[in-house]
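J.: Sequence:
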Amino acid sequence: MLIVNAQILPVVGEEIAQGFLQIENGKIVSLGPMAQAPADGERYDAAGALALPGFIDAHCHLGVCGDGLGIESDECNEMSDPVTPQLRAIDGVNPMDRCFAEAAAAGVTCVLTGPGSANAIGGQFIAMKTAGRRIDDLCVRFPGCMKFALGENPKMTYGEKRETPMTRMATAALIREELYKAREYMDKRARAETDPDADAPDYDAKLEALVPVLRREVPAHFHAHRADDMLTAIRIAREFDLDYVLVHGTEGHLIADILAAEGARVICGPLLTDRSKPELSHQTIENPARLARAGIPLAICTDHPELPIQYLPLSAAMAVRAGLDKTAALRAITIDAARLAGVADRVGSLEAGKDADVVLCSAHPFSMDCTIQAVFIDGKQTGV
Numbered sequence: 001m002l003i004v005n006a007q008i009l010p011v012v013g014e015e016i017a018q019g020f021l022q023i024e025n026g027k028i029v030s031l032g033p034m035a036q037a038p039a040d041g042e043r044y045d046a047a048g049a050l051a052l053p054g055f056i057d058a059h060c061h062l063g064v065c066g067d068g069l070g071i072e073s074d075e076c077n078e079m080s081d082p083v084t085p086q087l088r089a090i091d092g093v094n095p096m097d098r099c100f101a102e103a104a105a106a107g108v109t110c111v112l113t114g115p116g117s118a119n120a121i122g123g124q125f126i127a128m129k130t131a132g133r134r135i136d137d138l139c140v141r142f143p144g145c146m147k148f149a150l151g152e153n154p155k156m157t158y159g160e161k162r163e164t165p166m167t168r169m170a171t172a173a174l175i176r177e178e179l180y181k182a183r184e185y186m187d188k189r190a191r192a193e194t195d196p197d198a199d200a201p202d203y204d205a206k207l208e209a210l211v212p213v214l215r216r217e218v219p220a221h222f223h224a225h226r227a228d229d230m231l232t233a234i235r236i237a238r239e240f241d242l243d244y245v246l247v248h249g250t251e252g253h254l255i256a257d258i259l260a261a262e263g264a265r266v267i268c269g270p271l272l273t274d275r276s277k278p279e280l281s282h283q284t285i286e287n288p289a290r291l292a293r294a295g296i297p298l299a300i301c302t303d304h305p306e307l308p309i310q311y312l313p314l315s316a317a318m319a320v321r322a323g324l325d326k327t328a329a330l331r332a333i334t335i336d337a338a339r340l341a342g343v344a345d346r347v348g349s350l351e352a353g354k355d356a357d358v359v360l361c362s363a364h365p366f367s368m369d370c371t372i373q374a375v376f377i378d379g380k381q382t383g384v
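Residues in the sequence shown are numbered consecutively from 1, following the working numbering.
What the hints contain is simulated information worked out from the structure, not anything from laboratory work. Be careful, since some hints might not be right.
Beta-carbon label-pair distances, calculated as ranges [unchecked claim]:
no., residue 1, residue 2, range
1, Ser367, Ala205, 41 to 51 Å
2, Ile71, Asp257, 41 to 51 Å
3, Asp45, Ile71, 41 to 51 Å
4, Ala190, Met169, 29 to 39 Å
5, Pro33, Arg133, 35 to 45 Å
6, Ile71, Thr167, 23 to 33 Å
7, Gly32, Pro196, 52 to 62 Å
8, Lys161, Glu24, 29 to 39 Å
9, Arg215, Asp45, 44 to 54 Å
10, Met34, Ile258, 45 to 55 Å
Once the Cα atoms are required to be at most 25 Å apart in a straight line, the calculated DSS-like pairs of lysine-lysine come out as [claimed, not checked]:
no., residue 1, residue 2
11, Lys277, Lys27
12, Lys206, Lys181
13, Lys326, Lys354
14, Lys188, Lys206
15, Lys161, Lys206
16, Lys380, Lys354
17, Lys380, Lys27
18, Lys326, Lys161
Note that the coordinates shown come from a computational prediction; the quantities given were computed from them, not determined experimentally. Ideal placement from N, C-alpha and C gives every residue a C-beta, glycine not left out.
Take these sequences, add in the hints, and give me the full structure.
T.: Written out as structure tokens, the structure is:
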């Protein structure tokens, strides 16, 4: 199939004033000016619309926190145990949640979604597409990351029950203890593979899930709003040599120079909410701009359902209004979001070889009069 007569903004590479996208088997085969378009094949006439890569929400709980259905469809937090790395979002996401259709209609074609922040270690996220019925078919990367949480949520969840963790110190201690156990488990298993006299450890689902994190095969995403929580995350990540990303980073603007010196990466958001708890007291829409000025790689997220996922482009637009460079803001919901979600080899830009996730807009997506005219996910048009 060919999408023709489009103004192509590939995010990576030069803009094409009037061009085509050639799609085969769900992949972009080629793109270029209309003069180079193949003569044969099915055509979709974009009629001058702006073609962009599908938007990516690098942190949300889509399909895990059910929309408007109460506790019966709330799979977000397993609040019986503060350490649950064995939990898999792929077993909890409901792709029939109506919010998937709303995401796709808004041009959000890929998300990193999973458990919430009640637990010190919450479980495994999945990177997935937003159109389809079977999660196995929608999966882009699993595990997408391991969720860790610092700050108020774990201590409030378990403190009310007079259980550990009741303090930030206890939350960090739980994370360290489990990572130490997992490292010992990994070392014992490695010895057993080479030493016939060494006993292999008994299978442990929790520790097994953390082994790829220690091997840097799965990134650690740390929920952290307050500056001290972000620095605790960095401290733990350094101790265990983790590939890490800071999620939310609400007070990042207060320590932007430190984060930059540490080489931290931040997924910012939600940006359009109130200061609903003490650790959000320094929340500002200027946070992404201040982090970007410090040279910190960043993405913008909705944290759906904290902010409905269809407002991802609006969040980026408001960040521009607050000082973020327009190009950086677009990258924060496309290629840079893909990089922080670990899926940039598949999505995030319009390039040959990547998934054919394409959004056709009537204007730049940050314009208030922009409408989504068509959305393609893996080369198939979805409902708008």
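J.: It remains to establish, for every hint, whether it holds in the given structure.
T.: Right, here's what the structure says about each hint:
no.	hint	result
1	Ser367 <-> Ala205: 41 to 51 Å	holds (48 Å)
2	Ile71 <-> Asp257: 41 to 51 Å	holds (43 Å)
3	Asp45 <-> Ile71: 41 to 51 Å	holds (47 Å)
4	Ala190 <-> Met169: 29 to 39 Å	holds (32 Å)
5	Pro33 <-> Arg133: 35 to 45 Å	holds (38 Å)
6	Ile71 <-> Thr167: 23 to 33 Å	holds (28 Å)
7	Gly32 <-> Pro196: 52 to 62 Å	holds (60 Å)
8	Lys161 <-> Glu24: 29 to 39 Å	violated (55 Å)
9	Arg215 <-> Asp45: 44 to 54 Å	holds (48 Å)
10	Met34 <-> Ile258: 45 to 55 Å	holds (49 Å)
11	Lys277 <-> Lys27	violated (44 Å)
12	Lys206 <-> Lys181	holds (10 Å)
13	Lys326 <-> Lys354	holds (24 Å)
14	Lys188 <-> Lys206	holds (15 Å)
15	Lys161 <-> Lys206	holds (23 Å)
16	Lys380 <-> Lys354	holds (14 Å)
17	Lys380 <-> Lys27	holds (10 Å)
18	Lys326 <-> Lys161	violated (46 Å)
In summary, the numbered hints that this structure violates are 8, 11 and 18.
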